[in-house]
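Listed below are the residues making up each chain.
Protein chains: 2
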Amino acid sequence: MRGQPGRSVTSRVLALLDAFSPASPALTLSELARRAGLPLSTVHRRAAELLAWGALERGVDGRYRIGLRLWEVGSLAPRGLGLREVALPVMEDLYEVTHENVQLAVRQDLELVFIERIAGRHAVPVLTRVGGRFALHATGVGLVLLAHAPVGVQERVLAAPLERYTDLTVTDPGRLRRCLAEVRRVGYAVSDRQVTLDALSVAAPIRAPEGVVAALSLVVAHDRADPVALAPLVQAAGRVLSRALGGAHR
Amino acid sequence: MRGQPGRSVTSRVLALLDAFSPASPALTLSELARRAGLPLSTVHRRAAELLAWGALERGVDGRYRIGLRLWEVGSLAPRGLGLREVALPVMEDLYEVTHENVQLAVRQDLELVFIERIAGRHAVPVLTRVGGRFALHATGVGLVLLAHAPVGVQERVLAAPLERYTDLTVTDPGRLRRCLAEVRRVGYAVSDRQVTLDALSVAAPIRAPEGVVAALSLVVAHDRADPVALAPLVQAAGRVLSRALGGAHR
DNA sequence: ACGGGGGCTTTCACTGAGTGGAAGCTGGGG
DNA sequence: CCCCAGCTTCCACTCAGTGAAAGCCCCCGT
Chain A
1 MRGQPGRSVT SRVLALLDAF SPASPALTLS ELARRAGLPL STVHRRAAEL LAWGALERGV
61 DGRYRIGLRL WEVGSLAPRG LGLREVALPV MEDLYEVTHE NVQLAVRQDL ELVFIERIAG
121 RHAVPVLTRV GGRFALHATG VGLVLLAHAP VGVQERVLAA PLERYTDLTV TDPGRLRRCL
181 AEVRRVGYAV SDRQVTLDAL SVAAPIRAPE GVVAALSLVV AHDRADPVAL APLVQAAGRV
241 LSRALGGAHR
Chain B
1 MRGQPGRSVT SRVLALLDAF SPASPALTLS ELARRAGLPL STVHRRAAEL LAWGALERGV
61 DGRYRIGLRL WEVGSLAPRG LGLREVALPV MEDLYEVTHE NVQLAVRQDL ELVFIERIAG
121 RHAVPVLTRV GGRFALHATG VGLVLLAHAP VGVQERVLAA PLERYTDLTV TDPGRLRRCL
181 AEVRRVGYAV SDRQVTLDAL SVAAPIRAPE GVVAALSLVV AHDRADPVAL APLVQAAGRV
241 LSRALGGAHR
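If you're matching them up, the sequences are chains A and B in order.
Sequential numbering from 1 applies to the first sequence in UniProt numbering.
Sequential numbering from 1 applies to the second sequence in UniProt numbering.
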């Protein structure tokens, strides 16, 4: 084989999947090639094979999209649909009691991924999307996940510049470090207007035998928020789920 | 390369993903190799690469599972999460009005795939799973999807033996053909105890510019069911979604 | 402590699946 | 009618991938 030796076929195929994103879920062959950094003919051949299997689909406009078969396989991810199936009833309970936004997220590397969300039609609008990513250092769920992440992960997050979303976003590594210690101590996290100036979130950990695997939060309008009152609710829900996952209480 | 010439690397990678199923979402390396029909060393190498990217994950038990990264990419499928995002509010309305099970499905080849489900805690238990498959000829959603599928697909389904789930399952191709014509004529489908003896479902099509792309249904206990009363509800919900997808009314 | 076995990991020399430049093909806009 | 951008096909070269076999590890029974 010629160009770019050292790059495996598998990595090229995965690069094609990487080319898709929430912002651009439909790509032409050329866009796909450009984003994946591969020659057109290579992409053409690999895409044809993914198409045949159902990993990609092609619309009437000729653009490639992620295919249903890949969605099906993805739905077998324990930390994806698996977690959602367990958590949804509890999240619905939490919604019924509060009528506020309920969010479920897990950590993937140095970011969080939203697994499920119940958005009350009358609750504060939140800009999160199921399947979407976000930084760990600003949201309630993020703080919980970061506080219980391996030290190596924490250090890597603290070492990188912490993006500022509002004036209240914690961007100082030292302060964030103290924040995380506090989250571990009290067993829940509060993010007060650290993402948007109208929202406050309260989050609690969900434990499995191997440790904290997910976080659950309520996102409410900051001016009608009472974190101290909400925390026990979210924590209780987290404990119910921890028990369901075998992550013992305590 | 040696063994099994004619098999592409990509097809081997996809065979690994195919090895996972709702019934066995966690596999050892050997199981993976056996199911994919590939030598152990080949699987070991390919799986390592999928692991590094996040398409697979490995639990404390050493078993491979579908990774979150694949779930993320899968969530970009327009017919998966995309459709769900649009449909969920309408499905919730339907649930609020009826407090019965609401199901959303699309066709994938000769089967249907459930995209979303709202299962009332007090509604009839249904055995469907989000991400799960089912035959087209028995359920309400299946009949709708089949009735509006390309003729080639219909013929292939009709040509194969139609599995019988209950005494009321339509297994005669001729009768099924008349059934489908009726579904197209009246604009909705009723499956009365054709899957289980306690349930009845009423389904309506969801149209996009390219035709019927999904189906929506209510599943109720057969003895408290009035299909004629439910049909307009489901059809109305279907039409709301069709309009949202640009699939004009009529 | 010891031996056996099942499962995972690594090695190595061979080879055909994959490559990408270039040439052909579309289709739609001016 | 021609041009251009994007897609598809072709072809000779070559390195990524292959799989049998050997090595390793850990658990279980004795």
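If you are wondering where the hints come from, they were derived from the structure by calculation, not from laboratory data.
Among the clues, some could well be false.
Rough simulated footprint, nothing fancy, chain A against chain B, three-plus residues with beta-carbon under 8 Å [claimed, not checked]: (1) 21–34; (2) 45–57; (3) 62–68; (4) 104–115; (5) 151–160; (6) 217–231.
Note that the structure is predicted; figures quoted are calculated from it, not measured.
From the three backbone atoms N, C-alpha and C, an ideal C-beta is built for every residue, glycine too.
Now for the hints, and whether the structure bears them out:
Coverage of the segment 21–34 of chain B by chain A holds. Counting CB-CB distances below 8 Å, 4 residues qualify, and the rule asks for three or more. Check on the segment 45–57 of chain B: 7 of its residues sit with their Cβ under 8 Å from a Cβ of chain A, so the three-residue criterion for coverage holds. Remark: the segment 62–68 of chain B is confirmed as covered by chain A, as 4 of its residues place a Cβ nearer than 8 Å to a Cβ of that chain, reaching the required three. Counting residues of the segment 104–115 of chain B whose CB lies closer than 8 Å to any CB of chain A gives 3, which reaches the minimum of 3, so the coverage claim holds.
Only when three residues or more bring their CB closer than 8 Å to a CB of chain A does the claim for the segment 151–160 of chain B stand; here the count is 0, and the claim is violated. Only residues whose C-beta sits within less than 8 Å of a C-beta in chain A count toward coverage, and the segment 217–231 of chain B has 0 of them, not enough to reach three; the restraint is violated.
Violation of the numbered hints given earlier is confined to hints 5, 6; the remaining hints are satisfied by the structure.
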